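J.: Here is how the chains run, residue by residue.
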Amino acid sequence: MERDAALNTEPAPWQVAGETFRSRLLLGTARYPSPAVMAAAVAASGTEVLTVALRRQAPGQLGGGAIWDHIAQLGCRILPNTAGCHTAQEAVTLAQMSREIFATDWLKLEVTGDDYNLQPDPFELLEAARQLTGMGFKVFAYATDDLVLCSRLRDLGCVAVMPWGAPIGTGKGLTDPYALATLRARLPDAVLVVDAGLGLPSHAAQVMELGFDAVLLNTAVARADDPPRMAAGFRQAVAAGRLAFEAGPMAISETAQPSTPVVGQPFWQAER
Amino acid sequence: MEILVNGEPVSLDVDLLADAVAALGFAERQVAIAVNEAFVAKAEWQSFRLQAQDRLDVLTPIEGG
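Order-wise, the sequence lines are chains D and U. For the first sequence, the residue numbers in numbering that gives the first Met the number 0 are 0 to 271. For the second sequence, the residue numbers in numbering that gives the first Met the number 0 are 0 to 64.
Hint data in this document are derived by calculation from the structure and do not stem from the laboratory. Treat the hints with caution; some may be incorrect.
[Unchecked claim] Cβ pair distances, simulated, as ranges:
no., chain 1, residue 1, chain 2, residue 2, range
1, U, Glu36, D, Ala250, 23 to 33 Å
2, U, Val13, D, Asp68, 24 to 34 Å
3, D, Gly17, U, Glu43, 21 to 31 Å
4, D, Asp224, U, Arg48, 35 to 45 Å
5, D, Gly156, U, Glu43, 22 to 32 Å
6, U, Ala42, D, Arg185, 41 to 51 Å
7, D, Leu146, U, Gln50, 15 to 25 Å
8, U, Glu36, D, Ser150, 53 to 63 Å
9, D, Thr103, U, Asp18, 38 to 48 Å
10, U, Ala37, D, Asn7, 26 to 36 Å
11, U, Gln50, D, Gln88, 14 to 24 Å
12, U, Asp18, D, Leu146, 43 to 53 Å
13, D, Arg30, U, Gln50, 22 to 32 Å
[Said to hold, decoys possible] If you want the footprint, here are the derived chain D segments under chain U, 3+ residues with CB under 8 Å:
no., stretch
14, 65 to 76
15, 128 to 141
16, 159 to 165
17, 177 to 185
Remember, it's a predicted structure, so these values are computed and weren't measured experimentally. Glycine is no exception: its CB is placed at the ideal position from the N, C-alpha and C atoms.
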């Protein structure tokens, strides 16, 4: 009996790009105080997918090889990004370089249209997604929460569409829950991941309660005072939110409804 | 000939990209290369001929969000 009860408290696994995962939390590897803290946060988060990047290597410098070796040892699926690209052509070139270095078709596609809030460029993003899906990449497309844009990305064959909760690194939480709820309702069969802008575990729980498949975050954990503890908090919040979605929430009522049965109520001698 | 490596001018006495990679000290490192913003797969380095003023981007893995 105890075993069955324990199984029922685990959220259902999810699938993306033909693979199955138990954790619905994808984690970034940047901005941690140290590689050791990052490793501890990764372990505490329970994540199975880590994001990474490529940058220029100066001649004669050791550069990022050491941190990559550290990340590779953590045993997670690697999701390389195209952060910093501003055009489809840049993103396609960087994607090809990522595929060679990381030996994966997985790609978190980012094409920035505005440097002030790192807002994705919908036009370049769509063109990049069109080319990359045609080249066999498994594209996780980082997008705004625009319904039409996300629909087009789904139609192009992106394995996951990842609308922002708020601009990258802001920690604001969901600036437009209605838009996200609409996305979930209108794209019921798409893999939807909220990526960026989350600051607290409650934000992640809110995402999962909306029925999103997963969340992707980085700064909220990396820049917490205690990243491993915050990672653990997000792990539990993601699971809690998903369980709530799977359980099906109660209907909201405009008026109070007594939870304790009223039949047999003492001291009711007269109508009030 | 002079080429640009990650934005910096470098003079090299080589013709092939593979030789440039070795001369720059990248041969044993995990890098990916684009020449003039176009990806050049590692399998092509031995046959890819560089021209003066070519722009090389030599990238290596780092942390990312």
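J.: Next, verify each hint and record whether it holds.
T.: Hint by hint, here is what the structure shows:
Separation of Glu36(U) from Ala250(D) is about 56 Å and departs from the stated range, judged on CB atoms against 23 to 33 Å. Between Val13(U) and Asp68(D) the Cβ separation comes to about 29 Å, which falls inside the hinted range of 24 to 34 Å. Between Gly17(D) and Glu43(U) the C-beta distance comes to about 30 Å, which sits within the given range of 21 to 31 Å. Look at Asp224(D) against Arg48(U): about 54 Å separates their beta carbons, and that is not inside 35 to 45 Å.
The hinted window of 22 to 32 Å between Gly156(D) and Glu43(U) holds, with their beta carbons roughly 28 Å apart. Between Ala42(U) and Arg185(D) the Cβ separation comes to about 43 Å, which falls inside the hinted range of 41 to 51 Å. For Leu146(D) paired with Gln50(U), a C-beta distance near 47 Å fails the hint of 15 to 25 Å. Range check, Glu36(U) to Ser150(D): about 31 Å between beta-carbon atoms, so the 53 to 63 Å window is missed.
Taken as a hint, the range 38 to 48 Å is violated for the pair Thr103(D) and Asp18(U), whose Cβ atoms sit roughly 29 Å apart. The supplied range of 26 to 36 Å is broken by Ala37(U) and Asn7(D), whose beta-carbon atoms lie about 53 Å from each other. A hinted range of 14 to 24 Å holds for the C-beta pair Gln50(U) and Gln88(D), which are about 20 Å apart. Restraint check, Asp18(U) to Leu146(D): a C-beta distance of roughly 52 Å satisfies the suggested window 43 to 53 Å.
For the hinted restraint 22 to 32 Å between Arg30(D) and Gln50(U), the CB-CB distance of approximately 39 Å leaves it violated. Counting residues of the stretch 65 to 76 of chain D whose CB lies closer than 8 Å to any CB of chain U gives 3, so the stated coverage by that chain holds, three being the minimum. Check result for the stretch 128 to 141 of chain D against chain U: violated, 0 residues qualifying (beta carbon to beta carbon below 8 Å, three or more required). Residues of the stretch 159 to 165 of chain D with a Cβ under 8 Å from some Cβ of chain U number 0, which does not satisfy the need for three, so the listed coverage is violated.
Taking a C-beta to C-beta cut-off of 8 Å, the stretch 177 to 185 of chain D contributes 0 residues in contact with chain U, too few for the three needed, and the coverage statement is violated.
The structure shown violates the earlier hints numbered 1, 4, 7, 8, 9, 10, 13, 15, 16, 17.
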